[in-house]
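Colleague: Protein chains in written order, with the UniProt record's numbering: chain A, 1 to 257; chain B, 1 to 257; chain C, 1 to 313; chain D, 1 to 313.
A couple of the hints might just be wrong.
DSS-like cross-link-like pairs, simulated, lysine-lysine; straight-line CA separation at most 27 Å [claimed, not checked]: (1) A:Lys3 - D:Lys14; (2) A:Lys12 - B:Lys88; (3) B:Lys233 - C:Lys28; (4) C:Lys28 - B:Lys3; (5) B:Lys233 - A:Lys88; (6) B:Lys3 - C:Lys80; (7) D:Lys80 - C:Lys205; (8) A:Lys88 - B:Lys83; (9) C:Lys14 - C:Lys28; (10) A:Lys83 - B:Lys12.
In case anyone wonders, no lab produced these hints; they're calculated from the structure.
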Amino acid sequence: MRKEMCTVVQNKEIAHSVYELTLSGQMAGEMDEPGQFVHIRVSDNLDPLLRRPISIAAINKDKQEYTIIFRKQGRGTSLLAEKRPGEKVDVLGPLGNGFPTGEARSGDTALLVGGGIGVPPLYELAKQLVDRGIKVISVLGFQTASAVFYEEEFSRMGETYIATADGTYGRKGFVTSILDEADIQADILYSCGPTPMLRALEAGMFAPKSFLSLEERMSCGIGACFACVCPTKNGHEGDYRKVCSDGPVFRAGEVAI
Amino acid sequence: MRKEMCTVVQNKEIAHSVYELTLSGQMAGEMDEPGQFVHIRVSDNLDPLLRRPISIAAINKDKQEYTIIFRKQGRGTSLLAEKRPGEKVDVLGPLGNGFPTGEARSGDTALLVGGGIGVPPLYELAKQLVDRGIKVISVLGFQTASAVFYEEEFSRMGETYIATADGTYGRKGFVTSILDEADIQADILYSCGPTPMLRALEAGMFAPKSFLSLEERMSCGIGACFACVCPTKNGHEGDYRKVCSDGPVFRAGEVAI
Amino acid sequence: MSLLHIDLPGLSLKNPVMPASGCFGFGKEFSQLFDLSVLGAIMVKATTPEPRFGNPTPRVAETPGGMLNAIGLQNPGLEKVMAEELPRLENYDVPIIANVAGSTEEDYVHVAQEISKAPNVHALELNISCPNVKTGGIAFGTDPEMARRLTRKVKEVSQVPVYVKLSPNVTNIVSIAKAVQEGGADGLTMINTLLGMRLDLQTAKPILANVTGGLSGAAVKPVALRMIYEVSQQVDLPIIGMGGIQSAQDVIEFFYAGASAVAVGTQNFIDPFVCPAIIEELPELVAELGYSHISECTGRSWKRNEKLAYHRA
Amino acid sequence: MSLLHIDLPGLSLKNPVMPASGCFGFGKEFSQLFDLSVLGAIMVKATTPEPRFGNPTPRVAETPGGMLNAIGLQNPGLEKVMAEELPRLENYDVPIIANVAGSTEEDYVHVAQEISKAPNVHALELNISCPNVKTGGIAFGTDPEMARRLTRKVKEVSQVPVYVKLSPNVTNIVSIAKAVQEGGADGLTMINTLLGMRLDLQTAKPILANVTGGLSGAAVKPVALRMIYEVSQQVDLPIIGMGGIQSAQDVIEFFYAGASAVAVGTQNFIDPFVCPAIIEELPELVAELGYSHISECTGRSWKRNEKLAYHRA
Ligand SMILES: Cc1cc2nc3c(=O)[nH]c(=O)nc-3n(C[C@H](O)[C@H](O)[C@H](O)COP(=O)(O)OP(=O)(O)OC[C@H]3O[C@@H](n4cnc5c(N)ncnc54)[C@H](O)[C@@H]3O)c2cc1C
Ligand SMILES: Cc1cc2nc3c(=O)[nH]c(=O)nc-3n(C[C@H](O)[C@H](O)[C@H](O)COP(=O)(O)OP(=O)(O)OC[C@H]3O[C@@H](n4cnc5c(N)ncnc54)[C@H](O)[C@@H]3O)c2cc1C
Ligand SMILES: Cc1cc2nc3c(=O)[nH]c(=O)nc-3n(C[C@H](O)[C@H](O)[C@H](O)COP(=O)(O)O)c2cc1C
Ligand SMILES: Cc1cc2nc3c(=O)[nH]c(=O)nc-3n(C[C@H](O)[C@H](O)[C@H](O)COP(=O)(O)O)c2cc1C
Ligand code: FES
Ligand code: FES
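The following block holds chain A by itself, in its conformation from the complex:
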């Protein structure tokens, strides 16, 4: 973890209101696990005040670069969308614990399920899994055709299915519609996306081991403020995990979602 002024290498809109931003900085060298995130100060003034957490979507250690993908939404992400090459951005990272790639063995099949803006961290995950000889199947859900991104990138890593909620592209419906139909056999499931999606996957019907990446409103991002806790499901009253520093990725069943 470090705080660093990273330099914008490239920033482009890759789908409707979805931006792919590549930054360069020494912290790229510390990014070990896919699924970790960075905490970004989008302006050097009061407006907005807090940092914004965004997952790391791709890491290029050779070039000391990393990429994030985000949806332009409120003030913070709107300002981030305006960053131009050469500009400096104050980043704290890498933060949290990502997807445990070591839980999959060479020859295993890994099922990656992503919803909307939960798709990005799965990309670096897919790359690392494929590098380690694991077969990757990706099931990605989006709102609508114009929101779809990275289909080609995922396709290069393995079988890739797309669903859109309005049916304007791929299978109409949610990722679960695809999963229910496609009869996918996987040894391990990794997922990131909206809470209802994660809940549907939590039961473990699609793979014996599942890892889910959670979102929660944060302030510090490093485990100091207790903003982002969620209770565990181990039956110990009052037991909890911090999404920012214990997560954002948890084994399915570890925490209540």
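Let chain A serve as the given structure and place chains B, C and D with the ligands on it in line with the hints.
Modeller: Chains B, C and D with the ligands only, in chain A's frame:
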């Protein structure tokens, strides 16, 4: 008065921490009197919140441009110093009542006394007076040599004397040191600068008619909030003038300074 | 009828957006910028029986996301307001809410009695919350008993409905609100400014000549929302909400908390066109959020859902 | 001796800058970023007798220039704090100020008695101002009688000096400050957060699961300064000031108002290096402003000038 997104034509440091910023906008066409000011929103976010009042230093109606000169001081003027050509700036103006050039007649001698960042509005005044056949003598005071600006510009309009507080340039001391010595005979005095300087000039020893430009902390800049009032000296208890809309220029003796 | 039209005691508002008292003078300056008739209403500057000069300058200071003011209720006095300021506003199709202030109970009663006779004054706003005057002002707004009593006395003489403007500088705003309700208030306006201060780094002295001043602007928005949320659930009076409003989105947030109309103060200094801009944006925003009338937003954060379902299109 | 060294009851501070309670946990996370020994002190997270989970999430919301939190005093409980958290902090050369909280008087007394025995706890901070818990917390901080009584009880059992943390959500902060002085407090810390709220535009519901939360960050700075200014003139106790501090300049402003030391809260989330950065900048700023020691700045806005002249170089 209008609110307009003016375009930065040029912004350069013309003395230590002093910037000359030229803006283009239709409001240039409405700038009638030298000594009026514009009220600038230096950022489009909360930080800083309020507009900043800055005097108009030069007007070019043909080109629809005007120039302001300001000292980089706190957050507002620091942000203003960073504006680059092509950027848009939210300006409310022209505001207030400036120096009454009509009070001087062709052939008269006008004495212009400026202190530091009070010098800028005198420049447009000098131009307009000279255009109208009035002889202009300028006495300008600065802190130190590196803070001096526009000596050449004023010299082109007439006799120009410079004082610096630390004696690193021109006469050592204040503008009053020059005035006391130089034995200048003028029909009218126009002045803008720090309050102690204005007080020294108020008595009217240097010309039969004197007009002084005041500064006061403002919020609205248009006369609605009562932030910038000063009491009159007419003996009517509770009588006042608003610096933003009645001033910033007042006849010496009209208001208490 | 427009989806922005709101009826409140004494006020038939074509839209629920108005400039807040003290941030719009008597409208004269802003009338050079836009047609005042677009406004829902105008809350004019506080009026006292006699002219007041107010506090020495500096009277304003900037703070992070906000500002302090210590104007001290400067105003031309009742007579001039009645003779000059209010008649000028008759040129516009806009109801006036007259802000009533004073040092003593008698002051308030006198101003209320007279000013409520002005033909375009449709309601009074009793300013029992000005933090910048030595006597009167906030003293009435921090003591429930004084607040109730003053409200009652003013109600007895006023020709028009009376709204009471609450101070946020209290431990328990609900108790003050209840007191003024008992005193017969027709509505509430809230919040006035929070007491604050800034110091000058070089001189070590307060920036404001009055030492302390009232904090307003975006910074206070969460405090205003919280108080409106609390009061609107406990008191049966319409609330005109204010405190940090900058946008149409902010207006909706105030409605959700419990406001039935809003006022915009400080933002007028930053963007003099903010009121007309918000009024123009609101209809689309209200529709986008799925409401058929802005009044459906009032108290939506706490009203039971069944009731809300009825309002929805 | 350094121009930043400050002595306060129980505390010999190498500099007057410390992280505020709840904004630094128990230091573990920040220790990965910088050496905690550079800090003047550390105000650790509130400790209650038993472990607490706190409120449901979302627990934080952003506001203009500030943030709301409704953590609800989540902490691992007295036993674990004593056994794990405080011993870990012994690795650093830095005094700890333990933030004491609870639901009942007994809770406070119990925690105070035990935690004050920890070797590196040099002072207690009685948190009678947490706005985010149903029982205890702010209830003690808004009633002078309860505040006095609680302070006295805690003083009876504490092995170290007791600072009481005041709530800004009161009509008259001086009366609370005087009450805790009578109760035997050794110092004051102020301010805790202002009660505020935000609503979600889409759902119309409060953003915080707890509905309301505590406002902190730059937005509250003018309120904090005003209260410190008022209290420091009326009460004879040193004040550790906080509320919106972001820079060395802000620190001086708090000293001018009447603080003898300061704490930085929210800004740690925005810049985790803010405390060491301020500590590094302060000596130069103090000297630049013409002081030979930072203590000369305390109360400079209201102290008589003759007295001040004596302090000046
Ligand atoms: C661990 C983690 C990883 C994330 N990764 C990504 C990503 O790769 N791509 C992406 O587009 N988004 C991601 N998000 C969500 C992203 O943080 C929010 O979209 C963003 O903070 C919104 O900021 P805003 O200013 O645009 O919106 P606003 O609504 O104006 O933000 C207001 C406040 O709410 C917080 N907030 C709003 N939405 C969320 C949210 N969904 N999660 C957490 N805080 C929120 C903001 O951080 C801010 O404090 C991630 C969130 C977390 C917690
Ligand atoms: C009518 C008028 C004309 C002016 N013309 C010029 C000019 O031509 N060139 C120039 O350099 N300066 C001029 N000033 C002063 C200029 O407004 C301030 O220097 C500027 O507002 C400082 O802003 P800041 O953010 O840099 O400083 P900060 O100190 O951070 O400002 C904080 C607040 O104090 C106010 N403030 C600070 N100093 C002054 C001041 N001297 N007068 C009024 N408000 C102040 C700011 O507007 C702001 O609201 C003029 C002021 C007035 C009233
Ligand atoms: C400069 C200024 C002057 C004010 N004068 C008055 C006044 O005369 N009467 C009054 O009731 N409120 C007065 N207020 C308070 C505002 O009406 C409003 O309640 C407050 O500013 C909060 O709203 P805002 O954050 O939108 O400014 C004044 C506020 C400001 C900033
Ligand atoms: C997330 C968060 C948690 C807090 N927890 C505590 C706490 O446990 N005990 C306490 O006394 N104050 C707590 N506070 C209040 C701070 O210590 C401080 O008084 C307040 O935030 C004002 O300072 P700031 O504006 O610098 O943040 C908390 C504040 C925040 C933002
Ligand atoms: S965001 Fe602070 S603990 Fe997770
Ligand atoms: S600044 Fe508002 S009246 Fe002059």
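Colleague: Each hint: holds or not?
Modeller: Here is how each hint holds up against the structure:
1. A:Lys3 - D:Lys14: Holds, because 26 Å separates the two Cα atoms, which is no more than 27 Å.
2. A:Lys12 - B:Lys88: 24 Å, holds
3. B:Lys233 - C:Lys28: OK: lysine 233 of chain B and lysine 28 of chain C at ~25 Å, within 27 Å.
4. C:Lys28 - B:Lys3: 17 Å, holds
5. B:Lys233 - A:Lys88: Violated. Lysine 233 of chain B to lysine 88 of chain A sits at ~55 Å, over the 27 Å cutoff.
6. B:Lys3 - C:Lys80: 30 Å, violated
7. D:Lys80 - C:Lys205: 46 Å, violated
8. A:Lys88 - B:Lys83: OK: lysine 88 of chain A and lysine 83 of chain B at ~18 Å, within 27 Å.
9. C:Lys14 - C:Lys28: This hinted pair holds, its Cα atoms lying about 21 Å apart.
10. A:Lys83 - B:Lys12: Status holds; Cα separation ~25 Å.
Hints 5, 6, 7 from the list above are not met by this structure, while the remaining hints are.
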